[in-house]
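Sequences and hints are given; from them, build the entire structure.
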Amino acid sequence: MTTPAQAPIHGMGHSVKRKEDPRFLRGRGRYVDDIKLPGMLYMDIVRSPYAHAKIVSIDASKALALPGVLAVITGKDLDAAGLAWMPTLMGDKQMVLPVDRVVYQAQEVAAVVATERYIAADAITLIDVDYEPLPPVMDPMKALQPDAPLVRPDREQKTNHIWHWEAGDAAKTDAAFNAAEVVVQQDLYIPRIHVSSIETCGCVASFDKVEGKLTIYMTTQAPHAIRTVFSLVSGIPEHKIRVVSPDIGGGFGGKVPVYPGYVIATVASIQTGVPIKWIEDRSENLQADSFARDYHIHAELAAGRDGTMHALRVKTIADHGAFDAAANPSKFPAGLFSIVTGSYALDAAHVEVDGVYTNKPSGGVAYRCSFRVTEAVHTIERIVDALAQQLNMDPAEIRFKNFIPPDQFPYKSPTGWEYDSGNYPAALQKALDKVGYQELRREQAEKRARGELMGIGISTFTEIVGAGPSHTFDILGIKMFDSAEIRVHPTGSAIVRIGVQTQGQGHETTFAQIVAEELGLPVENITVEHGDTDTAPYGLGTYASRSTPTAGAATAVASRKIRDKAKKIAAHLLEASEDDIEWADYKFQVKGAPGRAVTMQQVAFAAYTNHPQGMEAGLEAVDYYDPPNLTFPFGAYICVVDLDRGTGEVKIRRFVAVDDCGNIINPMIVEGQIHGGLTMGMAPALFEAITYDDDGNIQQGSFMDYLLPTSMETPAWETDKTTTPSPHHPFGAKGVGESATVGAPPAIANAVVDALSHLGVTHLDIPITPWKVYSILQEHGIAEA
Amino acid sequence: MTATQHVKLTINGQAVEADIEPRLLLVHFIREVAGLTGTHIGCDTTSCGACTVLVDGVPAKSCTLLAVQADGAAVATVEGLEQGGVLHPVQEGFFQEHGLQCGFCTPGMMMTATALLARTPNPSEAEIRQAISGNLCRCTGYVNIVKSIQYAARKMQGAEAVPVAASASTGAEVRSA
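Residue numbers (the working numbering), protein chains in the order written: chain H, 1 to 785; chain C, 786 to 962.
Just to be clear, a hint being listed does not mean it is correct.
[Unchecked claim] Here are the simulated lysine-lysine pairs, DSSO-like style, with alpha carbons at most 27 Å apart:
| # | chain 1 | residue 1 | chain 2 | residue 2 |
| --- | --- | --- | --- | --- |
| 1 | H | 412 | H | 172 |
| 2 | C | 932 | H | 651 |
| 3 | H | 430 | C | 932 |
| 4 | H | 434 | H | 721 |
| 5 | H | 240 | H | 209 |
| 6 | H | 430 | H | 401 |
| 7 | H | 565 | H | 591 |
| 8 | H | 36 | C | 793 |
| 9 | H | 142 | H | 158 |
| 10 | C | 932 | H | 721 |
| 11 | H | 434 | C | 932 |
| 12 | H | 142 | H | 772 |
| 13 | H | 240 | H | 213 |
| 14 | H | 401 | H | 721 |
| 15 | H | 54 | H | 158 |
[As the list claims (entries may be wrong)] Distance ranges between label pairs, derived from CB positions:
| # | chain 1 | residue 1 | chain 2 | residue 2 | range |
| --- | --- | --- | --- | --- | --- |
| 16 | C | 831 | H | 727 | 43 to 53 Å |
| 17 | H | 564 | C | 831 | 55 to 65 Å |
| 18 | H | 561 | C | 798 | 47 to 57 Å |
| 19 | H | 704 | C | 841 | 22 to 32 Å |
| 20 | C | 843 | H | 39 | 37 to 47 Å |
| 21 | H | 410 | C | 907 | 47 to 57 Å |
| 22 | C | 854 | H | 30 | 25 to 35 Å |
| 23 | H | 785 | C | 831 | 30 to 40 Å |
| 24 | H | 40 | C | 808 | 15 to 25 Å |
| 25 | H | 438 | C | 854 | 52 to 62 Å |
| 26 | H | 40 | C | 843 | 25 to 35 Å |
| 27 | H | 446 | C | 903 | 44 to 54 Å |
| 28 | H | 210 | C | 905 | 50 to 60 Å |
[As the list claims (entries may be wrong)] Over the 10 Å line for every Cβ pair with chain H, so calculated as not near, a few chain C residues:
| # | residue |
| --- | --- |
| 29 | 801 |
| 30 | 840 |
| 31 | 856 |
| 32 | 904 |
| 33 | 908 |
Calculated directly from the structure, the hints in this document are not laboratory data. Glycine included, every Cβ here is placed at the ideal spot set by N, Cα and C.
In structure tokens, the structure reads:
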């Protein structure tokens, strides 16, 4: 066989340009709303104007009289089929459509199916719903009072309290506090925010009555889990359900949950046998889909007068809205919040969280971190600064003093995690050097003397990703492994199918690079498929920075299974004993005789044409990877801000981000992930928050009021890295998608507090809006007119 | 029910005509009448810019124009950027500088960039950031979008030979002018 001129391998560590880009650049991406099937109908949804109300009656007669309207679906229709409620990922249940009451504003009340999108939109305005308003409860602290309105009378427990969860050692923590020389306390509110991917949610559900097969094109980050849940709920056999997650216009966790619209459209298609399209408007997406954060935190830190930290105590009220529909692993109702001890060596910690119902849409779901790591990092990074401020210590110095030493890894945390690897002092030192910390402190002192407000904020965070090991991590009982299936074709190209899928992370490129590295095949000859449950192996999906730690690992292990077989074929081709064959420089060669070698392409051809007697033909492998532990990426971020005394505006002058995500597959893509993550970290620190008035009206129902960062506010991020491989991951990677979103907010908040610290300011809740800053300046008489 | 109106416009140089409801948004005309789905919809309030097209050379958010308002106009969409199998320098810039991730805002972003470079061939970073401030991106943090547009500006001015070797390394079918 002749081998064509060898194209470059471009495996690990190469900034390979993305394979998915050519279609996107030409407008040829295939997103859900681009799908048009023959005979397809359109669905639109009537939503509640009230946060809490009884539904007295629904009159659809005018809508049904409109030409083009085919059906109106209400909760009573679904109830008759046993589908008015559906399970949530957290073991709660949630309404698909309400039978007799609504529990948050913009809740789905009825659906219209029509021949055209515009007719469906007309028809929803013609449906008369008679509501009897009830008093809503919007504040979780009020919701816990005995006389509070009951959000969920359907439950046995007649209370708004959902669950209590705790981690760590209470007695040991109390003892440390009793012995402490210094205690600092801080209340923090991490506000409710919304992911607002630029593509909203939607689906095209298509039930083929002849085949009995349901196909759903869906904006989902977890197609296999959806298939299983839909099969269990609908009774349709799982092999007769195909969920396709085509190109997805951003996910960030907001496309993990099952929203009522998907279910209603699916039911409508099953009933009619006709494809049904449902696409949300932005206002629907922003008002009704799941939200993140909404944590009311009280934190206390016990320390010595020399700044040595001893113990942490945290109590949190978690506002979950009307349904507990968070996207956490099932055994973790508060996610991985117990990572709250962060990068510091503490003697003890105790963490408590109480989940509470309010008359809001589901909370605590996702915003580029669904597992509560952002809330944890904000808590520890703020209170470390509060301690430094109280002791008049430099925030860098207090961190160096308390870091888990590099030689203490793997490190067992007081809340039970085993950190895989880390070198926190190296990352912080690199960030300090890059930003020119001492010079900035001198500049700050000079400016302060002149009355100018400049601040420097540090965040040295530890992430926890890669869920997860099956002994602890499952979603509704499905273990959180992930998978890859690789076939090498006779001419040495390959197809890789993975259990995770991409919403912009570039899996089609990076997963090809993993195989290229492991098998020595050129990256251009490797195709990655994902997101179609009929062809991809079972996986739990992409969120929580889990793709590389789980399915990435599976891809490497499956490749190594192929390499093991290929080695036997190579020995056959080279007429040598397998023991004498080594894999070096992307080739199989006879030890001590590098001139006698065969490439993987040659082996692949032989696997189909000239394989050893007694061996199966072909060259393929599958792996379901169950990670032995989570991975713990980390970073050191430094933010420099200038405050405008005339407007209160916070201007980020510089932001240095040193990230350590272990070994890197594609540096270009990692940098892009960090840029985006930093921007989604800045957003809630300075701009974004979802609030409600006392009547339950959302106050940021469109992009006119919910302020996503534009190119004008977003600074030119400065990135750098250290590399501390994960010792248990097959190629030492840790995951990176959420690190920056998790790590950035406290760096920004700490910088603003630092700019105002000489005025006695010790804390500001995010978002730190111009008005918040200006009010402080006014209070101290230093606002400029 | 609603009286229809006849419109005729060109999209990427091709004549498209239809009898439509006067209330039909231009973006729906482009996506569903002309069948060009590269132009996306991201909000209801003219905030996000995912639907940006050029109407007689000027960037316009096609979710906020009625198709009848574009009667007789020349509309340009992302599908028209590539010419003769050769990517527009803006497309090439986004590819080379990793100016896109999920790809959803990308068509609108590139149309805005194209119009900027047509009127300001050598924009400063501040001018680029100003120009794209009506186009929201949730993935990239804008840094690489700025670099992508700077790449395109250099390429269009022919000021320097721009390396394109990396395109060969993916097997991606990107050709450079």
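To see whether the hints hold, each was checked on the structure:
| no. | hint | verdict |
| --- | --- | --- |
| 1 | 412/H with 172/H | holds, 16 Å |
| 2 | 932/C with 651/H | holds, 22 Å |
| 3 | 430/H with 932/C | holds, 25 Å |
| 4 | 434/H with 721/H | holds, 11 Å |
| 5 | 240/H with 209/H | holds, 11 Å |
| 6 | 430/H with 401/H | holds, 16 Å |
| 7 | 565/H with 591/H | holds, 18 Å |
| 8 | 36/H with 793/C | holds, 24 Å |
| 9 | 142/H with 158/H | holds, 15 Å |
| 10 | 932/C with 721/H | holds, 21 Å |
| 11 | 434/H with 932/C | holds, 22 Å |
| 12 | 142/H with 772/H | holds, 25 Å |
| 13 | 240/H with 213/H | holds, 5 Å |
| 14 | 401/H with 721/H | holds, 22 Å |
| 15 | 54/H with 158/H | holds, 18 Å |
| 16 | 831/C with 727/H: 43 to 53 Å | holds, 51 Å |
| 17 | 564/H with 831/C: 55 to 65 Å | holds, 58 Å |
| 18 | 561/H with 798/C: 47 to 57 Å | holds, 53 Å |
| 19 | 704/H with 841/C: 22 to 32 Å | holds, 27 Å |
| 20 | 843/C with 39/H: 37 to 47 Å | holds, 38 Å |
| 21 | 410/H with 907/C: 47 to 57 Å | holds, 54 Å |
| 22 | 854/C with 30/H: 25 to 35 Å | holds, 29 Å |
| 23 | 785/H with 831/C: 30 to 40 Å | holds, 34 Å |
| 24 | 40/H with 808/C: 15 to 25 Å | holds, 21 Å |
| 25 | 438/H with 854/C: 52 to 62 Å | holds, 59 Å |
| 26 | 40/H with 843/C: 25 to 35 Å | holds, 34 Å |
| 27 | 446/H with 903/C: 44 to 54 Å | holds, 45 Å |
| 28 | 210/H with 905/C: 50 to 60 Å | holds, 58 Å |
| 29 | 801 | holds, 16 Å |
| 30 | 840 | holds, 17 Å |
| 31 | 856 | holds, 19 Å |
| 32 | 904 | holds, 18 Å |
| 33 | 908 | holds, 12 Å |
Checked against the numbered hints above, the structure breaks none of them.
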